[in-house]
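> Here is what each chain is made of, one letter per residue.
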Amino acid sequence: MIRECLINPRVGWRYIDSEIVAFNCENQQIVIWNETASLLWEKIAAGMDFNDLIEFLTNKYSLSNKRAKRDIITFLQEANSCGFIDYNNKELKIENQNDKDGENILLTIEMKAIENLIPFAVTFETTYVCNEKCIHCYIDHNQLSLSLSEIRHILNEIAAAGCLFVSFTGGEFFTRNDAMEIVEYASKLHFVIDILSNGTLITKSIADKLALHPVRRVQISLYGATPETHDLITNLTGSFKNTLNGINFLTKAGIKVEIAFPLMGINFHERHLVKNLARSLGCLLSPSHVITARNNGKRDTFQLRLNDEQLKLFLEDKELSALYAGRKPFQDHQFYFKFSDLADAAPCYSGFNSCAITPSGKVLPCNQLLYEIGDLKKNSFSKIWHNSPQIQYLRDLTISKLTKCSKCQLLTSCARCPGLALLEGGDLLELSPENCRISAINHSLKGGENYG
Amino acid sequence: MAKGSYAPPRANMKGDTKSLVVAAIHKGCPSSSARIKKG
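Chains as they are written, first to last, in this note's numbering: chain V, 2 to 453; chain H, 274 to 312.
Calculated from the structure, these hints are not laboratory results. Among the hints, a few may not be true.
[Stated by the list, open to error] Simulated crosslink set (EDC-like; lysine to aspartate or glutamate; CA at most 16 Å straight-line):
| no. | chain 1 | residue 1 | chain 2 | residue 2 |
| --- | --- | --- | --- | --- |
| 1 | V | 210 | V | 185 |
| 2 | H | 291 | V | 209 |
| 3 | H | 291 | V | 20 |
| 4 | V | 408 | V | 345 |
| 5 | V | 253 | V | 209 |
Throw the hints in and build the complete structure from the sequences for me.
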């Protein structure tokens, strides 16, 4: 006999429109419940037991008791079969799903969020303090951090605005003594949580605690396959060993780990070793060939970038470059499919369904687009998100307004980033020089004329 | 939802995201997660 239904504590969820999107961080399954299922889900989350669920459904829709009971059991079985709830059944069966389905669901949600201007994914920079001193890091470590109570208040606000996916990052998130309290609070608000970390401060105790919450991924930065290379980049002796320890604690606790691997001239020779290391650790690998200027405008990091020859080798390496998860060329942006002319699309959809919050409470469209749209110490998130003249300006931009890029022959194959254009070119509407370099090399690899 | 417009509770969509990396969640702002910042 079914007595109680429990939502898996590793499931985060949020209403988008009239339907609940739920994400199971334990098995990485995502589901969109229909309206009736969403209502039941809310009642289950509020602690309603099986008999009360029947009564609720019977009254709300004038159903017979028998019909309501049958439909609820079918729903509970469905939710149970993919691990979203547990009712009188300790064995959570995991369905084998097609990966493509998950990607399509995310795209559906993203489109819905864009159309309704819901900030469904927020990058939350909680501190700029870090125990590593990486040679390529772009942040200003001297900024003050928000307090725990300020962070809680902001989490309340972005949850109310419809945010489901929150990424806690830094600096190093775990330099905050209250990092676990932030995670616990986000968990209470049903966020799906990503954490970007260097892993060195993650202990077994922290990993085990994270596994009690809807933590979808922990992304760990790794800069090489040897301590010599990794520690040279982090400027912290022993960091390679401690990062691997952190990864092992997380994977053993059942947390999915993704290795972020920024490619630079000095670690390029270890790229295949890092790929093999990630595989042996059971982690996804996310390499990136984009090293940016520092946030204060200094460009000394440019010398760390892959040179043209290395960049060619990376782009030619289909297995490795396919893992790059950053900005895609315009032609790959499915968002644009509804536009008959690419020129009418926005140059970037940050600020439509996503944004970033800095440790001092500033709101940015993206942590790579340093174009302040508001200050949470002065205004509410809702007011900024809906009324900021700066965000309105961004949302009104179209590719046709890009001074030079709109006329470039390489536009469709370019992954132009407005953040890089602003930071490195000095103008939101102008060229992004590094994107120009990458596009030109990509073009030459496909047999096109040299745009260098 | 008014009485009479009842649809049995079920999933409209369901799928797996195991192989998707963090940035796949942030397609509206994909570089956000791809910008590697530790240090």
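> A separate judgement is required for each hint: does it hold in the structure or not?
Comparing the hints with the structure gives:
1. With a C-alpha separation of about 9 Å, the suggested pairing of residue 210 of chain V with residue 185 of chain V holds against the 16 Å cut-off.
2. Annotation: proposed proximity of residue 291 of chain H to residue 209 of chain V is violated, straight-line Cα distance about 20 Å (limit 16 Å).
3. A threshold of 16 Å between alpha carbons decides the hint, and for residue 291 of chain H with residue 20 of chain V the separation of about 23 Å lies outside it, so the pair is violated.
4. Note on residue 408 of chain V and residue 345 of chain V: the hinted pairing holds, with a Cα-Cα distance of about 13 Å set against a maximum of 16 Å.
5. Annotation: proposed proximity of residue 253 of chain V to residue 209 of chain V holds, straight-line Cα distance about 9 Å (limit 16 Å).
Going down the numbered hints, you'll see the structure goes against 2 and 3, while the others check out.
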